[in-house]
Every structure is written in structure tokens, then in C-alpha cells.
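Make a model of the complete structure from these sequences and hints.
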Amino acid sequence: MLAGLLARVARGDREAFRRVCGELAGPVYGVIRQVLRDPAQSERVAQEALLEVWRTAPRFDPARGSAAAWVLALAHRRAVDRVRPRNPSSRRERRAAPHAGTGTGPQGAEVVEVTLDRVRVLRCLDALTEVQRESIKLAYYRGYSGPQVAALLGVTPGTVPTRIRDGLIRMRDSLEVTW
Amino acid sequence: MKLVRDEWHVLTGSYVVDALGSQEREGFERHLHHCVSCDAEVRGLRETAARLAMARSLRPPPGLQDRVLAATYRTRQLPPVVGDHPFPSRRLAARLAALLHRGPGLSWAA
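First to last, the sequence lines map onto chains A and B. Take 1 as the starting number for the first sequence in the numbering used here and just add one per residue. Take 1 as the starting number for the second sequence in the numbering used here and just add one per residue.
Mixed in with the good hints, there may be bad ones.
For the chain B half of the interface with chain A, some residues (derived, Cβ under 7 angstroms), not all of them [what the hints assert, rightly or not]:
{"id": "1", "residue": "Ser14"}
{"id": "2", "residue": "Asp18"}
{"id": "3", "residue": "Ala19"}
{"id": "4", "residue": "Arg43"}
{"id": "5", "residue": "Leu45"}
{"id": "6", "residue": "Arg46"}
{"id": "7", "residue": "Glu47"}
{"id": "8", "residue": "Met54"}
{"id": "9", "residue": "Ala55"}
{"id": "10", "residue": "Ser57"}
{"id": "11", "residue": "Arg59"}
{"id": "12", "residue": "Pro60"}
{"id": "13", "residue": "Gln65"}
{"id": "14", "residue": "Ala71"}
{"id": "15", "residue": "Leu78"}
To be clear, the hints were calculated from the coordinates, so they are not data collected in a lab. Glycine is no exception: its CB is placed at the ideal position from the N, C-alpha and C atoms.
This is the structure:
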């Protein structure tokens, strides 16, 4: 359904785009806010990400994955690019590194109702080994690079990619994600 | 970056959670173009990462969607990708031109 809407968006259909935003603005804003924390900055980046969906919809290929995964990958990449500049000097990287989250989390009213799927996904995450779970959370929800994740967990940098991959594969299999 | 096949393969997860540095990311994307198994794995893991995003869905700030919709009126969309060779291709045009020149009775120069 979303893929069909995106095909219409590609042809400039604003009503279809309004419906895509209605479906995905919540997860787009949510995942960006996870990484950036700052509500005002998150709002700006979410707007940019959704506008990027409008701009690049003609390049969406439904044979290569779901529309939701395409949009959310784009949104996550944009958030991470904000905290991790390209080819940073080490000092710039330190300054721009995402903070580990002492700020207030999302307020209760912002949290969309607890769906069965949310519970299932978080339960799958909990079922992973500690290093797998923490690696995925630090990378995906905090926006840390592989070496940053390794430093925070006190493990060898070379082991982090394997942990992330093994953890995601286990989640994929237990959530029965197909593509 | 020069890595052997297995070294790239272990990066599928890091790629979908955006944990790679920019150089590694570019190298991995080049690898994806000609590695069917990495490409297939990336698709499945990208869908899985999307579930992690959906599990963190928040009510967007009021007005966000209206502002995005307003911005579409001043944002040009990319054209679709239609393959490497525009039609009629330059080579085809050149061949036709050569034929027209050589062919007896087809000369327009009379």
C-alpha cells in the first residue's frame, strides 16, 4: 500500500504524499529524536527527511525493499550525518559526538500508543546477548560509529560488526521479517 | 578500501545501522553492486532496522506535516532513472547518419 502511494508521489501526487507522511512521520520523527535528542533539531531534520522522500520518490524501487524501510533508512542516515560529520578530525568528532542521553526522554504525550509490534520488537532486542543488544542500541538508537561502540563497550573494534550483524539476523529471524 | 569478500560480508549489519565511517560506507556500497549475497542480506536487515525505528515512533510535533507539504510546492523532484543510454543513443544516430551518407539514392546532397 505504501509502495503504491510512493509511486504516486513520484508522479507529483501531493495527496499521496500527505498519506505517506501520515503513516511515517511518527517513526521518522521518533528515530531521529532517538539519535539527536534535541526536539527542535529533531523536528528540523525530520522535515528535511520527509521532504527528501518527496524529492527522491522517483528513485524508490519497490523490488528492492518496503517503502517504510526505504524512508526510515533515509531518515536514520540523515540523523547520523548530523552527529558524525564526513571525514572529521578527531577533535571535531569528539565535539560532535552524540551525548549519551542525560537529557529528558520523550514526554508521555508524545509516545504513540504501545502497539503489539513495539512490544514484540523490544522483546526480541531483549532476547539478544548483552553485547549484541548494546551494540545495536548504541549504533542505531544513539548514532555511534563501530569504533565508538567498541570504546563504550570496552571490546575490540573488530568484533563489533559481527555482534551487530548476528544480533540483527537473530531479530530478523524471530520477527520473521521477509524481503 | 580493499577487503576480501568475507570481510565485506560481516559489515552488512553495520551498514544498515549506519555504523560505518564514510570511506567504509562508500567501499561497501561499491561491493554491494556486485555481491548478490550481501545485497540480499542487506535488504532483510534493513527491514529489521525499520522495525527498530517503528518501535520508537513518536507523535510528530504539530504543524510538521503541514510545513513539509508546503515545502513540496517549491521543491523539484528528481527524474526517474531510465537506464544508461538516452534514446536515440548517440551511437545509433551516428550509424544512421553514416548509412544515409553512403547509401545510393539516399543522398540528400543532389
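The hints, checked one at a time:
1. Ser14: Because about 5 angstroms separates Ser14 of chain B from the closest Cβ in chain A, which is inside the 7 angstroms limit, the hint holds.
2. Asp18: holds (4 angstroms)
3. Ala19: holds (4 angstroms)
4. Arg43: holds (5 angstroms)
5. Leu45: It holds, given that the least Cβ distance between Leu45 of chain B and chain A is near 5 angstroms, below 7 angstroms.
6. Arg46: Holds: closest Cβ of chain A sits about 5 angstroms from Arg46 of chain B, inside 7 angstroms.
7. Glu47: The hint holds - Glu47 of chain B has a Cβ within 7 angstroms of chain A, the shortest such distance being about 5 angstroms.
8. Met54: This hint holds: Met54 of chain B lies near chain A, its Cβ roughly 5 angstroms from the closest one there, short of 7 angstroms.
9. Ala55: holds (4 angstroms)
10. Ser57: Holds, because the Cβ-Cβ distance from Ser57 of chain B to chain A comes to roughly 4 angstroms (cut-off 7 angstroms).
11. Arg59: holds (5 angstroms)
12. Pro60: holds (4 angstroms)
13. Gln65: holds (5 angstroms)
14. Ala71: Holds - the Cβ of Ala71 of chain B comes within 7 angstroms of chain A, reaching about 5 angstroms at its closest.
15. Leu78: holds (5 angstroms)
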